[in-house]
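A.B. asks: Position chain Y with the ligands relative to chain X; hints supplied.
First to last, the protein sequences are chains X and Y.
Counting from 18, one number per residue, gives the positions in the first sequence under our numbering.
Counting from 33, one number per residue, gives the positions in the second sequence under our numbering.
I should point out that these hints are in silico values taken from the structure, not numbers from a laboratory.
One should not assume that every hint holds.
What the hints assert, rightly or not - Chain Y residues, not near chain X, derived (Cβ > 12 Å throughout):
no., residue
1, 201
2, 212
3, 288
4, 293
5, 302
6, 355
7, 364
8, 370
9, 397
As the list claims (entries may be wrong) - Under the rule of at most 25 Å between Cα atoms (straight-line distance), these lysine-lysine pairs were calculated in the DSS-like manner:
no., chain 1, residue 1, chain 2, residue 2
10, X, 402, Y, 164
11, X, 318, Y, 164
12, Y, 139, X, 318
13, Y, 210, Y, 143
14, X, 328, Y, 164
15, Y, 106, X, 318
16, X, 318, Y, 185
17, X, 318, Y, 143
18, Y, 135, X, 318
19, Y, 46, X, 211
Ideal Cβ positions, reconstructed from N, Cα and C, are used throughout, including at glycine.
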Amino acid sequence: MELLSSLYEVAWFVFVVAAGIAVLEGYFYYHFKFHDRPWFFWAGLAGFPLLAWLGLGAAGLGKEGLFAWLFATEAVVLLFFRHIVKGRNSLAYLLLAPAFTGLALLLVYPFVFQIYLSFHDLKLTTIMQWKQTGTLPFVGLRQYYDVFTVPPLAEAGFFKLLGRTLWWTFVNVFFHVLGGFALALMLNNDIRFKGVYRTLLVIPWAMPQVVAVLAMRGEFHSQYGFVNIILNKIAAFSPFLASLGVGPVQWLSDHPLTTCMLINVWLGIPFMMVVILGGLQSISSSYYDAADIDGASYFQKLRFITLPLIKPVLMPAVTLGTVWTFNNINVIYLVTGQAGGTEQADILVSALYKAAFTYNRYSYSAAFAIVIFLILFAISVFYLKTFDAAKEAR
Amino acid sequence: MATVKFAGIVKNFKDNQVLKKVDLEIKDHEFVVIVGPSGCGKTTLLRMLAGLEEISGGEIYIDDTLVNHLHPSKRQIAMVFQDYALYPHMTVEENMSFSLRLKNAPKKEIKARVAEAANILQLGKLLHRMPKQLSGGQRQRVAIGRAIVRQPKVFLFDEPLSNLDAKLREEMRVEIAKLYQRLHSTIIYVTHDQVEAMTLAGRIVIMNQGVIQQVGTPIEVYRKPANLFVAGFIGSPTMNFIEGTLRVEKGHVRFSSPSLSLDLPSKLLPADGSHEGREVTLGVRPDDVCAGREAGKNCSQKFDSVLEVSELLGHRENLYLKTGDLRLLATVEAFFNQSPGSKVPVCLNFDNMHVFDRETQARISA
Ligand SMILES: Nc1ncnc2c1ncn2[C@@H]1O[C@H](COP(=O)(O)OP(=O)(O)OP(=O)(O)O)[C@@H](O)[C@H]1O
Ligand SMILES: [Mg+2]
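Only chain X is shown next, with the shape it has when bound in the complex (with noise of 0.2 Å):
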């Protein structure tokens, strides 16, 4: 009974979602095929709101002023459709407003409500108030101030935080293009298997994060783990390392930030490597050619043909890897992150979540996630400045 009950809801849920689509590609229809006839303007504008007003209320959704913001929401659409689709390329449009609607209900909507909490005071003394009586308290720029004013952690503010991050992804982004690039120059050689090692080396990235860092997590258990049984035989057998400090560490409590690093360097190398590797066959080989006449040695090939050459499809991949590093929350939340975790190892966004699930504080939350948003937006229009120039100068 339970599995009906729960299949029955899903089914639902489905149902739901499709007659949400269907309507609204219905409306749009109505509003692409008629848009520009004088009629539709007022038909549309009596017409849409009044339906959408009493299908809601029929479904129990009406309330206070709803007529008034459907009415005035239908007016904003049809002005749209009069001046600026005004039947230009109406089919195009046609087909990308399903998508649109979808974006603007999934990002826009969700950013807009951020930037409205962001400035309001949502936090579990307020949340009462909010589901009864649906107003916030308006704060004005208080919660930016908070940001950098008071610790989002127990243990770290903001600027500790920041510089954290940005070490962690430096190291990371770092190691990515370091590895990624020896495995790329190994691989483009002519051996044997050349497939074969391509596959397993593309493995960490292909699999699901989640797997792929729990498994890592537990080979640096403090006595289970590979990483510890390893040293420890290392120690062993070799006094001479020993007494240099080598053994066995308490990876996840001692050096939790560093266990995270390790963990995500090894599962970032995979993309840079496919990446480069894409690069480094794009070359002519004739470059080579005329190098090895010119008397280049394999290093200063590497360093005056391979790099600059390999530059183009370098730059975007580092960018966006340093975005995705910044913002990486799954490795530190699922190695540190659960109940009785450290907090020793957190960046930005991990705190980001643990401001805003563990302790409660929303609206200081949203105005953090805004600030790592402008960051990060800084960040990449640096690196796409510096690409656009390094692209120029050819």
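C.D. replies: Chain Y with the ligands in isolation, oriented as in the chain X frame:
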């Protein structure tokens, strides 16, 4: 400024033998052009000399030094690639000076040598451009400049003009000829364009399917092609070939084919009993098919043919003639003033006639 010697060079790509025992000696200061149809192994031979391709068998000497295992940069050669291979991220100047910079040559010397090469090739104004900002001909000159800067013993050119349009190709051909006179170094030049080969070469090497067919001066290979392949490959328009059989008759040899029979003079082919019944191919260049004009004294008997088509080329005219089932191309002075379908008396010039054995493909006439 060096001699080059290939001794029994063999190249295999897996099971595919693309060079079969190539022997060739190139003298100091010589301009040697290697020609042959696409895929005959010209590039491979050149790349082996440059050290870019493994040598499967045989030996290569530069100035009597065995270079089989010498690194490309140590062989004192410079190569101009078919696709130029200019480093796309370096300016013209950086491209040209790359080899010297790698060697950490003094700045002053680099500058002087680049300036000299730029001067020879009129690249002075382009030194700070990127390869992308150059025309095809300019890129070609930069590629040559990059070779000159290295002051190599041997220049290797791999179809350097094949990516240029016809007019530019002509200009660059002259440039290269001038350059040769100026530099006086050994040049090995690969092409499949026989006009380039004829005009530039001191000696031509004609290759086919990994085998050298003939080595000689342009005049030699034109006048005395060693076999059917060379005869068909060198010369434009292509030589006329007539297949037939030889009969030895009192004192001379008679060539007979279904549409045409000729008594060959003994100067061309001595009346030797061994020719009896031999299957041969007769070769006559279009220039030596005398149509409608006064035949020279060394011409064959006249025979009649029908004019099918005539093409006016300007000062010359191509006549497509038909005698029985045999089609002949004749090149004559313009204007031939006969309409298609009319009868044209024709004779063949014995002075420039070639007889090839059809079985061995080799030339048997004098
Ligand atoms: N790397 C290679 N692997 C296998 N076969 C090759 C390789 N390079 C060349 N070949 C083969 O060797 C033969 C000779 O090639 P090569 O490039 O020397 O011809 P080419 O005379 O320069 O022709 P073209 O006038 O078209 O440049 C060709 O049949 C080609 O298919
Ligand atoms: Mg070639």
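A.B. asks: All hints, please: hold or fail.
C.D. replies: Hint check results:
1. Listed as outside the interface, residue 201 of chain Y is consistent with that label: its C-beta sits roughly 21 Å from the nearest C-beta of chain X, beyond the 12 Å cut-off.
2. Distance to chain X confirms residue 212 of chain Y as a non-interface residue, since its nearest Cβ pair spans about 20 Å, more than 12 Å.
3. Every CB of chain X lies more than 12 Å from the CB of residue 288 of chain Y, the least distance being 54 Å, so the non-interface label holds.
4. No Cβ of chain X approaches the Cβ of residue 293 of chain Y within 12 Å, the least distance being about 55 Å, so the stated non-interface status holds.
5. A cut-off of 12 Å between C-beta atoms confirms that residue 302 of chain Y is not in contact with chain X; the least separation is 52 Å.
6. Look at residue 355 of chain Y: its CB is around 51 Å from the nearest CB on chain X, clear of 12 Å, so calling it non-interface holds up.
7. The Cβ of residue 364 of chain Y sits about 46 Å from the closest Cβ of chain X, beyond the 12 Å cut-off, so the non-interface label holds.
8. Taking the minimum C-beta to C-beta distance to chain X, about 53 Å, the non-interface status of residue 370 of chain Y holds against the 12 Å cut.
9. Every CB of chain X is more than 12 Å from the CB of residue 397 of chain Y (nearest about 44 Å), matching its label as outside the interface.
10. Note on residue 402 of chain X and residue 164 of chain Y: the hinted pairing holds, with a Cα-Cα distance of about 22 Å set against a maximum of 25 Å.
11. Proximity of residue 318 of chain X to residue 164 of chain Y is assessed by CA-CA distance (about 21 Å); at most 25 Å being required, the pair is judged to hold.
12. Under the criterion of a C-alpha separation no larger than 25 Å, the hint pairing residue 139 of chain Y with residue 318 of chain X is consistent with the structure, at around 21 Å.
13. With a C-alpha separation of about 24 Å, the suggested pair residue 210 of chain Y and residue 143 of chain Y falls inside the 25 Å cut-off, and the hint holds.
14. Between residue 328 of chain X and residue 164 of chain Y the alpha-carbon distance is near 17 Å, which keeps this suggested pair within the 25 Å criterion.
15. Under the criterion of a C-alpha separation no larger than 25 Å, the hint pairing residue 106 of chain Y with residue 318 of chain X is consistent with the structure, at around 16 Å.
16. Between residue 318 of chain X and residue 185 of chain Y the CA atoms are separated by roughly 24 Å; this keeps the pair inside 25 Å, and the hint holds.
17. Taking the CA atoms of residue 318 of chain X and residue 143 of chain Y, the gap is about 22 Å. The hint holds against a cut of 25 Å.
18. Taking the CA atoms of residue 135 of chain Y and residue 318 of chain X, the gap is near 13 Å; set against the 25 Å cutoff, the hint holds.
19. Restraint check for residue 46 of chain Y and residue 211 of chain X: satisfied, since their Cα atoms lie roughly 19 Å apart, inside the 25 Å limit.
Every hint, counting from the list given before, is met by this structure.
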